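Engineer: Single-letter residue listing:
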Amino acid sequence: MAGRAGSGAGMVEGSRWHKWVFFHVPLMVFVVGTLFPFYWMLVTAFRPDGELYRPWRAVNNTPFWTTQPTLEHAIYLFKQTMFATWLWNTMFIALLSTLISLFCGLLAGYALARLRFPLAGGLGTSIFVTYLVPPTLLFIPLANIIRDFRLGDTPWSLILTYPTFLIPFCTWLLMGYFKTIPKELEECARIDGATRVRAMIQIIFPIATPGILSAGIFAFTLSWNEFIYALVFLSSPQQKTVPVGVVSELIRGDVFFWGPLMAGALLGSIPVALIYSFFVEHYVAGLTGAVKG
Amino acid sequence: MAQVMMKDLNKKYDEVHAVKDVNLHIRDKEFVVLVGPSGCGKSTTLRMVAGLEEITAGEITIGDRIVNDLPPKDRDIAMVFQNYALYPHMTVYDNMAFGLKMRKFPKPEIAKRVGDAAEILGIQELLKRKPRQLSGGQRQRVAVGRAIVRHPQVFLFDEPLSNLDAKLRVQMRVELKRLHDRLETTAIYVTHDQVEAMTLGDRVVVMKDGWIQQVGEPLELYGKPANRFVAGFIGSPSMNFVDVTVADASGALWVETAGLRVKVPPALSGRLGAYKSQHVTLGIRPEDLRVASGSDSADYSFDTVVEVVEPLGSEILLDLKAGPNVIVARVEPTVRVKHGDKMRLALHPERVRFFDNKTELAI
Amino acid sequence: MSKARSRVIAGGAGQAAEAARLTAFPRETTTLGIFARLLEDERVLGSLLLLPTVVLLGLFIAYPFVKGVWLSLTSATVGNPGEFVWFGNYVKIWNDSIFQRAAANTFVYTGVATVGKLALGMWLALLLNRHFRGKRLVRASMLLPFIVPTVLSTFAWKWMFDPTFSVLNWSLYHLGFIQTRIGWLTDPTMALGSVILVNIWRGMPFYAITLLAGLQTVNPELHEAAAIDGATGWQRFWRITWPLLLPVTMVVTLFSIIQTFADFQLVYVLTGGGPANATHLFATYAYQIGINTGLLGEGAAVSLAMFPMLFLIVVIQLWYIRRVEGA
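Chains as they are written, first to last, in our numbering: chain L, 618 to 910; chain U, 204 to 566; chain E, 70 to 396.
Note that these hints are calculated values from the structure, not bench results.
Some hints could be false.
With a Cα cut of at most 20 angstroms, we get these calculated DMTMM-like pairs of lysine to aspartate or glutamate [said to hold, decoys possible]:
| no. | chain 1 | residue 1 | chain 2 | residue 2 |
| --- | --- | --- | --- | --- |
| 1 | L | K796 | U | E256 |
| 2 | U | K427 | U | E362 |
| 3 | L | K636 | E | E111 |
| 4 | U | K333 | U | E322 |
| 5 | E | K227 | L | E866 |
| 6 | E | K227 | L | D666 |
| 7 | U | K223 | U | E233 |
| 8 | U | K210 | U | D231 |
| 9 | E | K227 | L | E801 |
| 10 | U | K333 | L | E866 |
| 11 | U | K215 | E | D110 |
| 12 | E | K227 | E | D256 |
| 13 | U | K215 | E | E111 |
| 14 | L | K800 | U | E362 |
| 15 | L | K796 | E | D256 |
| 16 | E | K227 | L | D871 |
Non-contacting residues of chain L with respect to chain E, defined by C-beta distances greater than 10 angstroms in every case (computed) [as the list claims (entries may be wrong)]:
| no. | residue |
| --- | --- |
| 17 | S632 |
| 18 | G650 |
| 19 | F655 |
| 20 | E689 |
| 21 | F695 |
| 22 | A701 |
| 23 | V750 |
| 24 | E801 |
| 25 | T838 |
| 26 | A882 |
| 27 | H899 |
Examples of chain L residues lying across from chain U (beta carbon under 10 angstroms, computed) [said to hold, decoys possible]:
| no. | residue |
| --- | --- |
| 28 | P643 |
| 29 | M645 |
| 30 | F766 |
| 31 | D770 |
| 32 | T771 |
| 33 | P772 |
| 34 | K800 |
| 35 | E804 |
| 36 | R807 |
| 37 | I808 |
| 38 | L830 |
Predicted model, so just to flag it, every value in this text is computed and none were measured.
Note that CB positions come from ideal geometry on N, CA and C, so glycine has one too.
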């Protein structure tokens, strides 16, 4: 069985050219199309300005590679802008909001998956609905509220608001995960002398580690990528996150600093890309779990 | 070591009345089996004793404490689940030690108790493994071991052998019985398998639709079923039932139907007298039928046609037809018959049972 | 406490081991004990566990929503609470030609991008469901557009679309497809197309990976049986894969429609709504009015104009999930 997973994996499928036209070529197009912008980011980040701004019909234009790679853009980024601070801010905000969301999501997911109490159904549906509320629906009143709470232009404005889209996701994902754990495990623990809370923390949570990891990684990338709240709630350069900092500090009026912009985009992507590459399977589990619940 | 008492126990879910007026006194050191078809309320009853389900009405006493509002952890019981419920992230040792750690036993005491239990169950070599590295039978042993290290007042078993294959099940059944003889702890055991119930239980409680049908020692249930359900449920293959009419002829009571006419045994004729010219159900176990020989009284034998022959080696099961009635008989392996053969069967007069058609109670 | 214990001992066997066991769990009647008992009650524990979530979501979702509705009914601007104007803002935006354009754009954007993402995502999922060398690596790298911060990858696209230095134009020119530059983001019609293209690029992996997960649950024997029955690859897709995958497809698509409908970042970075307001979506227009111009009431109204459509999709989503779960 194992060798045959996937649709018609081992089936005889006709001639060799058939396979090229219907499989290899399309797959290659997908790979190139998907990855080219990242390649372009990479090349631009290391290309000296002199090469960067050559007219597009110039004879000596070699757009796809460079012969004189340079670090000047990256150096500019760290010397002339607060890129390091932005990286730190993004990391700090993403970590804290992920932790808050995991905490809330674990408790809520457990309660919804396991406990019978009035309102459970209604609250479950409400949390699912908030999961579908896009940030762009509420950013204007939320900006007002953030100001009322005197959180404007502080990391806390994001640390507290990011969980609004992370908690529903975490809850939903973990709820699904908890449901796959046999309930006899905690029943047994309770008979063995554990309280409900203790059985939850010592038995169920450790078993749910893969689910928690999935939810955490997914939540982390989501908050690392968030843009509109950060754009609206933060104003001073030293408070900004990478996406907002790059947008607002590397464009002066109509002038785009493409070298540093691409270097910033590259460096700002690397942390999430690294985390992702270590936990691909967990991330994918989170992604698919996020949809199916 | 304790007795368990259930008084007017009831459990209602939103729509379902799962357990109805259960009254049961389980004596200290007794091994009681709750048996019945799925949905009969046996598991719910057990779970109420464990504290995993709230009690809708009634009272449960363990030892001499009323435990209705006591959380499971304070009831001093241990339970073995059908799927074993071994904590997958802990070693066998930690699984067994968990309950003792929860109760803050000193480490040396935990080690000693786990060691003792492991020795009793022959799982000393497995203590460092994780549950997923164990076979089904080994998991079963660990689950039992986890229950016995605590020296609880009561053991609860919820279909613990159902996930094992047939051979292992028989073996574990014997081991559980031996274990109980050794530990002498009160045990409540839930199963849907009547063979398990009969072999393990000091007493067996048969349940159906939330009601207790009968409580008794295994042979009592087999020999004197209180009603038609118990008669049919206990014993394999199950008892034959034939709808018959009670008739009075030549000074004796007879029961008859198309293709079958037998005399009412003298011991029962008094009670059956009240049913003259009414329908009742005749019950006779397959093993209480035999091939009629010359010495058998014509009063207790009847003609049949062989439909199916199932040779099992040690015995032969025959599906027979007496008129329109299907009857199963268990006969000697030496009987040579085939489909379509005519055959005269004799029944054991003392083993015939009659049941009221309306109340289904034994007459 | 001691009373409870002696009662138990009187009833039990009263041996030494028994005593050791019993000291282990004295039944406390202290406040802590009462609290611990309460936590054993499902109703109490359940409510308590949900409390942090309910507080956070209430504070930053429910309250802003109510506040947003209120704001949209006032003439509030930054620093000025304004006054209650009933549906004045809604009437105003209804007659606003830019708003009308933004609304039309949003529907076109969502419709075209969703179909594109679904079709390409399905195709990619089918390709990835086969066996080939380096499959894990390819699958992992396909998700990159989805995990890299959208704003950052969108800048790469913006740079690729650059009016003067576009690498796309360079390539197309040297391949002989074009003679003059394409104004990817400067030509009004082209700009919306370019934005949609980037949205498809970014969202397609999400479809591909979730659909792939769905595909892997389809029993390969079904395909083998169908192939033996004489079905072609195309027939097998429509008769077997598609119907079996429909539940996952529905959920993924509805989820993605919401995200696309309320999209902001792509347009904000690529065109800022231009050229000449040709690519505004609800969200970018709300941002321009509410944040850039400071007309909070009107901006909130533009935002909330998304609500009926979002609500409809959420209802469909809930209904569909219930139906699938019920079946």
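Engineer: Against this structure, judge whether each hint is valid.
Structural biologist: Now the hints, each set against the structure:
| no. | hint | verdict |
| --- | --- | --- |
| 1 | K796/L x E256/U | 19 angstroms, holds |
| 2 | K427/U x E362/U | 26 angstroms, violated |
| 3 | K636/L x E111/E | 58 angstroms, violated |
| 4 | K333/U x E322/U | 18 angstroms, holds |
| 5 | K227/E x E866/L | 16 angstroms, holds |
| 6 | K227/E x D666/L | 17 angstroms, holds |
| 7 | K223/U x E233/U | 23 angstroms, violated |
| 8 | K210/U x D231/U | 17 angstroms, holds |
| 9 | K227/E x E801/L | 55 angstroms, violated |
| 10 | K333/U x E866/L | 55 angstroms, violated |
| 11 | K215/U x D110/E | 18 angstroms, holds |
| 12 | K227/E x D256/E | 14 angstroms, holds |
| 13 | K215/U x E111/E | 17 angstroms, holds |
| 14 | K800/L x E362/U | 16 angstroms, holds |
| 15 | K796/L x D256/E | 52 angstroms, violated |
| 16 | K227/E x D871/L | 13 angstroms, holds |
| 17 | S632 | 14 angstroms, holds |
| 18 | G650 | 7 angstroms, violated |
| 19 | F655 | 6 angstroms, violated |
| 20 | E689 | 17 angstroms, holds |
| 21 | F695 | 17 angstroms, holds |
| 22 | A701 | 16 angstroms, holds |
| 23 | V750 | 6 angstroms, violated |
| 24 | E801 | 17 angstroms, holds |
| 25 | T838 | 5 angstroms, violated |
| 26 | A882 | 4 angstroms, violated |
| 27 | H899 | 12 angstroms, holds |
| 28 | P643 | 41 angstroms, violated |
| 29 | M645 | 41 angstroms, violated |
| 30 | F766 | 40 angstroms, violated |
| 31 | D770 | 44 angstroms, violated |
| 32 | T771 | 39 angstroms, violated |
| 33 | P772 | 35 angstroms, violated |
| 34 | K800 | 9 angstroms, holds |
| 35 | E804 | 5 angstroms, holds |
| 36 | R807 | 4 angstroms, holds |
| 37 | I808 | 5 angstroms, holds |
| 38 | L830 | 14 angstroms, violated |
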